[in-house]
Amino acid sequence: MRLPEFRTPNVGVDSMEHDARLLRQWETTPGWMGILTTVDHKVIGIRYIVTAFFFLAVGGLEALLMRVQLAGPNLTLLTPDQYNQLFSTHGMTMIFLYASPILSGFSNYLWPLLLGSRDMAFPRLNALSYWIYLASGLFLYAGFVTGNGPNDGWFNYVPYASRDYNPGLNEDFYALGMVFLGISTTVGAANFIVTAFRTRAPGMSINRLPILIWGTLTASLANLIVVPAVSLAFFLLWMDRQFGSHFFDPAGGGKPLLWQHLFWIFGHPWVYAIVLPAMGMVSDGLPVFCRRPLVGYSLVALSTVATMIFGFGVWVHHMFATGLPGLGLAFFSGASIAIVVPSAVAVFAWIATIRLGRPVITTAFLFFASMILLFVIGGVSGFMTASVPVDWQLTDTYFVVAHLHYVLIGINVFPVVGATYFWFPKMTGRLLDERLGRWNFWTMFIGFNLAFLPMHLTGLLGMPRRVYTYADYGGWGILNLVTTIGSFVFAIGVLLFFVNVLKSLKSGALAGKNPWDAPTLEWSVASPPPAYNFAVIPTVASRHPLWEERIGSEGALSSIDRGMMLDHGKETIGTSALDAQPDMVLEMPADSISPLLLATGLSALFVGLLLKVWVLAGLGGAIALLAVLAWLWPRTDLREREPAHG
Amino acid sequence: MSGGPLSYLSSAGPQAQHIVPLTWYMLLVSAGVCLIIAALLWAALRRAQPQDQTLQLDRIPIERGADGARWIRIGVIASSVPLAVAFLWTMITLAAVVGPPAHPGLTLDVTGRQWWWQVAYSAPNPVDVFETANEIHIPVGVPVLVRLHGADVIHSFWVPQLAGKTDAIPGQTNLTWIQADRPGRYLGQCSEFCGNQHAHMQFEVVAEPQADFDHWVGAQRQAALAPATAAAARGLSLVEYRCGLCHRVRGTAAGAVSGPDLTHLMSRRSLAAGTLLNDSGNLAGWIQNPQDLKPGNLMPNQRLAPPQLADTLAYLETLR
Amino acid sequence: MVEAVIASPVNLPVGPIRRHGIGWWGAGTLIASEAALFAYLLFAYYYTGATAPPGWVLESSPPLKLALPNTLLLLLSSVMVWWGEQGILKAARTRALAGFTCALILGSVFVFVQWLEWRSKTYGIGRSSYASLYFVTTSFHMAHVLLGLAVLLALLGWTALDYFSPRRRLVVSAGVLYWHFVDAVWLFVFTTYYVTPYLGFGR
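Protein chains in written order, with our numbering: chain A, 4 to 649; chain B, 188 to 507; chain C, 1164 to 1366.
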């Protein structure tokens, strides 16, 4: 059979026969095989979202236990060791197993639909990133449930993390688990980067990309470069602990501060990576409920990138008290103050969009609008800690705990819940209940502020972080009690959210293609979309393809109903990086067992390393290598090799 | 605003005093910004369509609307002003508080250990060198250089009303300085997570007039007095034989250095790094069962028989 | 009446042609991430050494008699692998097989010589932070070389099976790029551990 090297794609409109053909090419294999081998980004995206929300709930329960222990002075519900494992696991869970994966999940689901494409650039790599996330999450929690959870905070400073002071398996679970999880993050980042640059709909030049694309792309570029820092740090820690090396221990010439530098070189960009995509979701969703385009699109897109670039230059602000020389401190302090500026761009853009539009109050809108205020509160407390001398008083107190929860819950959780209300209809074909949604919103909003607003005062009154109990100095007791009560109210709000999701899956109002009359491409396909997303590849002429007839566009209109058919196989279009001109037909892989096999091999490898059962590690490594070989074996259908000669 | 012993919005020395006005400035700017943004949001939201929950968004027409980039420009430029002021003020304050004083009146070596503070007062004559634990005396109005050492893991030295935090990191010596302009007792707390009893690792800085401080130093330099009663003598042998495995009492055979120096134990206000007040009931309870009071700390339960406990206390009470 | 614009490209390549394909971008992102990893390893060395007491570098004049020829060997293997790739590009399969085989042999010799170098050291990983950094950094590099050898072996096998043509060969170019990357990393590692002590670092 001849496989032509070049082809002029047919251009046409959809038809039942065309749909049926595409469905045969794209639909996941039925049954168990399909579950284990699917490469459909929508399925993978939903898996990510469900798993991440599960970890959110678990992390939340850990927090509630801590808050009960801290509800009053000198309580003894938890032992110090239990408390330390709880606060460390809570941080690890929320930051690594919830905050980033939830955004990966939404991005995974939405990106091809937003970009007018039929899948991500590397569908099998996509499946792999989920399986490794699941496996490493289970690996990390295997430690916690056996009483070997991380116990030195999520930031894990040495020397306390070293074997001399922490002889159990706790730190080994954490170190190896994080290296394992890092593989998922890295391959996920690579996938987003290549998808953004090479698989968009024709005409979707970079100034027409939804801000969610800008946000996740920026985060992915950053992650690609900084995740190796933390993976290396954890690996070197594991070496110190198990093989007697001296990277971090002073007795052998090692440097405790090396850990902190490596960790925060990763850690600071990471915290921007877990909010910039969420800010993108607000930038894309809020304008829909204001019935107008986003104000200042170009400024917002550029500020996204600028925030991340600044974000590489501020890591030392986590280390202001470590005795570094004044000149260095001054530089990082200045950069940390300056980084407020690009964030301010987004805040004013959002406020202007509401003010100059016709806002419609829906639950999604409430979450998107309220996050603006929470963002600013979190931002100003960050501004305060950016000043070195002030930070010397504020750092390691509850003031910082208040700050980080305002930025993480305000700029990640609230947008994510809003995004769920916004995109749930697209994913499931049903709307979430609006009445329950209002209860959900107000309980979360009131509970959150009740819990965390007073915490600023608790910190100003000097209560240190990471303490399992405290004496009642100057009002700490009552403030902590208020925080505990607020946290339970907030938890009820989150519970209402989950209830709304479960209830609406079964009995929510039917949504149709575009319940919000929104402008972007995902709203032009059915809810939920068919496996192939777009029957014909759209051509894009503006940022708001579905609003063009009403708000006008600079030149021609986008074409949604007529476009390339790309039905000679499992195909989508590859486009150039900046202007999205079509430049190749991409043949996409079918469902494959290789990602699961590779994840299984790697799991065996890491378990073997943890338990020092070298045979198991070797076996796992061998399985992993074979899986990679099978995966990369050049295939004719993907045009990676010539067909066999006669 | 007094707000408790660890609140740093009331300061008693120049280090902390430099930081307080800047803190207030940033707090007020922050609160102001939040209020302005909340007001802007409120004003913007007031135009919202009241929503009955039938969500028919397409009934509200899409409009391109005014170009609002002006809002962004104004907002960002307006925000930049307090930011610039904060930056300059920060640099000025940093210059004033960073770096040890050129002519410290006193130099101390403080070592953070799990979970207590070892304090060493040096002197030109080695005979005059002494150590104490968890309670630091300084003369009022004198800049004191503190050299910070880490013996095991990272701790952080923080006495909020006198100065900001500086970490005590193993493998390096960090310098900080404190100065109290008023006599008083200033509470300090370890501020870097250091393990199970991080929550119970406090210390106190006692600032007193120079004469009182010199008197205190003189007393601390003395070795322990010989026991005057039989009970105290029996207590001394117990202390040398048991407590001496970890503690030192100068002038006796108890000479180990892994635990706090007990030579002038009764001159200190608290026990176990601020966990308990130092009275005989608490002292007895601490000796017998430290694990109950500070679980996981490095002192094992002693479980002395009552007569032994009484003798031990009889001796320890003489260590003033 | 404004018209809709409909993309109707003509004569598009189907699948990867020469180096034009998303696999090339994928390889690029992987290499960027691994390059960052080595940058952090070298940062750890310079950071630890810059504040270390004198004598931190255990050999102030590290012996070059194994390391320098080994470096040249690795460079030569890159030349061989380039030559082999040229064979694919010019549909000269024999040249390709020869080039990849030579690169494989030279790469294996590099591994062996590096192993001899490790054995010749009078210190082990637990001696000091310098020793730990030396062994772990060169081990990370070695792991990448071994992976690179596996890649070369696969390329050799697939070439022998006649999978490739001058246009359909993106995986070859990606594999060759990886080998060049491994080579480039070695130049940085070699300079750091074997050259900077002569220039006075860490003395």
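It should be emphasised that the hints constitute simulated quantities derived from the structure, not laboratory data. Don't take every hint at face value.
Residues on chain C that point at chain A, a partial pick, calculated with CB under 8 Å [as the list claims (entries may be wrong)]:
#: 1; residue: A1167
#: 2; residue: P1172
#: 3; residue: N1174
#: 4; residue: P1176
#: 5; residue: L1193
#: 6; residue: L1252
#: 7; residue: K1253
#: 8; residue: A1254
#: 9; residue: A1255
#: 10; residue: S1271
#: 11; residue: A1323
#: 12; residue: Y1326
#: 13; residue: S1328
Here are some, though not all, of the chain A residues that point toward chain B, as calculated from beta-carbon distances under 7 Å [as the list claims (entries may be wrong)]:
#: 14; residue: Q85
#: 15; residue: T325
#: 16; residue: L327
#: 17; residue: A355
Positions of the beta carbon are idealized from the N, C-alpha and C atoms, including for glycine.
Consistency of the hints with the structure:
1. A hinted interface residue such as C/A1167 counts as satisfied when its beta carbon comes closer than 8 Å to some beta carbon of chain A; here the least separation is about 4 Å, so the hint holds.
2. With a least beta-carbon distance of about 4 Å to chain A, the hint placing C/P1172 at the interface is held under the 8 Å criterion.
3. At its closest, the beta carbon of C/N1174 sits 5 Å from a beta carbon of chain A; the interface hint therefore holds under the 8 Å criterion.
4. Among the interface hints, the one on C/P1176 holds; its C-beta lies about 5 Å from the nearest C-beta in chain A, closer than the 8 Å criterion.
5. For C/L1193, the interface hint holds, since its Cβ comes within 8 Å of a Cβ in chain A; the closest pair sits about 6 Å apart.
6. For C/L1252, the interface hint is violated, since its Cβ never comes within 8 Å of a Cβ in chain A; the closest pair sits about 14 Å apart.
7. With 8 Å as the threshold, the beta carbon of C/K1253 stays out of range of chain A, its nearest partner Cβ sitting at about 15 Å, so the hint is violated.
8. At its closest, the beta carbon of C/A1254 sits 11 Å from a beta carbon of chain A; the interface hint therefore is violated under the 8 Å criterion.
9. Given hint, C/A1255 at the interface with chain A, is violated; its Cβ is 15 Å from that chain's nearest Cβ, farther than 8 Å.
10. For C/S1271, the interface hint is violated, the least distance from its beta-carbon to any beta-carbon of chain A being 17 Å, above 8 Å.
11. Proximity of C/A1323 to chain A is violated relative to the hint, the smallest CB-CB distance being about 13 Å (cut-off 8 Å).
12. Annotation: interface hint on C/Y1326 holds; nearest CB of chain A at approximately 4 Å, less than 8 Å.
13. The interface hint given for C/S1328 holds, since its Cβ lies 5 Å from the closest Cβ of chain A, which is under the 8 Å cut-off.
14. A distance limit of 7 Å between C-beta atoms decides the matter here; for A/Q85 the minimum to chain B is near 10 Å, and the interface restraint is violated.
15. The beta carbon of A/T325 is positioned within 7 Å of a beta carbon in chain B (closest approach about 5 Å), and the interface hint is therefore held.
16. The interface hint given for A/L327 is broken, as the beta carbon of that residue sits about 9 Å from the closest beta carbon of chain B, more than 7 Å.
17. For A/A355, the shortest C-beta to C-beta distance to chain B is roughly 4 Å, which falls under 7 Å, so the interface hint holds.
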